[in-house]
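Novice: Keeping their order, the protein sequence lines are chains A and B. If you count the first sequence from 1, position 21 lands on 83 in our numbering, and the numbers rise without skipping. If you count the second sequence from 1, position 17 lands on 8 in our numbering, and the numbers rise without skipping.
It is possible that some hints are incorrect.
What the hints assert, rightly or not - Heads up, simulated EDC-like pairs for lysine to aspartate or glutamate below, C-alpha to C-alpha not over 20 Å straight-line: (1) 14/B - 443/A; (2) 469/A - 448/A; (3) 51/B - 437/A; (4) 372/A - 441/A; (5) 14/B - 441/A; (6) 14/B - 437/A; (7) 469/A - 486/A; (8) 14/B - 444/A.
It is worth saying that the hints were derived from the structure and are not from the lab.
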Amino acid sequence: MTLPVAAFSEGSDFVTACYIVAFSLFIFGVRQGTHPTTARRGNLIAATGMAIAVAITLSLDVIGNGVLIVVGILTGTLVGAVASRRVQMTQMPQMVALYNGVGGGAAALISWAEFRHQLALGGEIPLDVLIPILFSMVVGSVSFWGSNIAFSKLQELISGRPIRFPAQHIFNGVLLAAILTGCIVLATDHDSSPSQALFIGVLIGAAVLGNLFVLPIGGADMPVVISLLNAFTGLSAAAAGFALDNVALIVAGTLVGSSGTILTIAMSRAMNRSIGNLMFSGFGALAAGGAVAAEERPVTSIGAQDAAIKLGYADSVVFVPGYGMAVAQAQHALKELANELERRGVRVSYAIHPVAGRMPGHMNVLLAEADVPYEQLREMDEINPEMPQTDVAVVIGANDVTNPAAKNDPGSPIAGMPIIEVNEAREVIVIKRSLSPGFAGIDNDLFYQPNTSMLFADAKQAAADIGSEVQEL
Amino acid sequence: MDLITEITIFVLAAFVGFEVISKVPTTLHTPLMSQTNAIHGIVMLGGLLVIGLADGTVDKVIGTIAIAFGTINIVGGFMVTDRMLGMFRRKPREPKGTGRATQPSAEQEEG
C-alpha cells in the first residue's frame, strides 16, 4: 500500500500522528525509568520514539540538501557514539553537560536559521513565530555556553573554583536587561524586517551571559547548574517547536524542562539553599566568612589494620561515599572491601546524600559500575533513623554532607542543610587525605568527635588496604 | 496548529512531565538526566526542517552544524544512558554473562 504523497507534507495528519506516537514513547520510556530493572528497556523505548520522529521528518517533502543532512547526521553519530563509549563513569557529569550544551547550541542555531528564513520570506515575521525564536535563541545560547563552562570546570580545563570579578552581578544584570531590550526591539519591529545585526548582537550577548553566569559557580554546585541548564535546553527545544509548529518538539522539550526543574528543586532543597542563592552567591562567598582558621584540635588517627578490626567485627557498616571516592576511582576497591565484610557476616549498606558527587545520583552510578546491588544504596531519609544502630559509619571522600554543624550550629554557613547523620553511629571512620575542609571551606566537627577515627590516605589505597587486612583477621 | 492549541499541549506536557519524573528515585537521577538530555536532542528535527529551505552558504553551514549538534545529543545521550543502566544489577558477584537470573547467594548468612 502506498500512502498518498500529501501524507508526507509538514503538518499532515499522518505526520502528526507519527509525532504523537514518538512523544508517547518518550513519556512511556521515562516512566519505565522509575525502577532499575525496567529503566534500560525504557531508554530503548524512548530511543525508538526518537528514531520514529527522525525517520518521519526525513521522509517529508520539504526535506532538501540531503548531502548536508547526511554529513551532519554522520558526524554527529560518530562523535556521539565514540564519546559515549569512551567516557568513564566518573566523568559522567561533564559528559552530560557537554551533550546538554550541544542540544542548546542546536536550538540556538535553528532559531537563527528560522529567523533568516522568515526574513527571506519578505520581512514580516508573525509574533507567535518571532517570540519563540527569540526565546529559543537566547536560552539555547546561554545553555550552550554555560554547559561548556560547566564541562570545562568539571574536566578541570579551567579552575573549578568560583571565578569572579568586581560588580559581576551588576554587569550580568545590565547584560540581561540589554538582551531583553534587544528582544523587545526585535519583536516591536516584527512587521518591518527586524534587524539581523541586532539579532546576532543579542545572540552574542546571550553567549557572554552564559559564560559569566556559570564561571562564578564552584565545581561542587555543578549538579544544580547542570540540571538547571538541562531544563533550559528543554525549554529552548519546546520554544523551537512553537516557532516551527512541531508538536513533537513542544512535548519532548517540555518534558525535559519539567525534569530539569524537578531535579534542580530537589537538589537545592538537599542543600537547604534557594536556587537564587546557588546561582548568585555561590559557595565562594560563604567560604570567605566561614573559613575560620582551623584551630588545633586533637583527632584520633588510625591505620588500615585498626580500621579492619573495627569493621571486621561489626554487625553493620554504612559507607558514606562522596566526590573524593569518584576522584580516587575508589568504587571498585570499596566494593571488594564490602565483599570481604559480607563474607564475615557484616551487614553492609551505602548512604547516598542527594548532592554527593557532581550530579544527582552520581554515586549510585559509580557504585553500580562496581556491581553494588542497588538494594544496598540507601537514601538519606531512609538511612538516618538507622544510624544510631549502626556499628561503624565509614565516610569515604565525603565531607560537608556529614558535618553535624549543619544541625547543631545555627551560625554555620551550612546550617539547616540535611546531612547523613554519621555522628549518630557508634563509631565513625573518616577516610581522607588530610584535615583540609570541604568545598564549603568550613571545618568539620565530626573529625574531632571522641568516637571518630581518621584514616589519612587516598580513598582507593585505603579501601584496598583495609580489604586485605580484613582478609587476614 | 494555532497558538492556543500549542499552549494547551505545552501546559499538559508540563504536568505529565512533573508527574512522571517525580516518581523516579534518586538512585536513577543520573541516568534520568542523561536520558532526558537525549530526548531534547529532538530539536534536531528543527535542523532537518530548516536546512531544506537553506539556499545561501551561511544557512547551509548553520543548518549542518545544528543537525550535527542535535545528533551528538541524541546518539551520545541514549548510548551513554544505556551503558549506565546496564550497570544496575540486582545481585552482586555473579559469574559474567548470566544476567540477573542466578539464585540468591547465601553469602550474607555465612561468617
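Novice: Run through the hints listed earlier and report the numbers of any the structure violates, in increasing order.
Specialist: 3, 4
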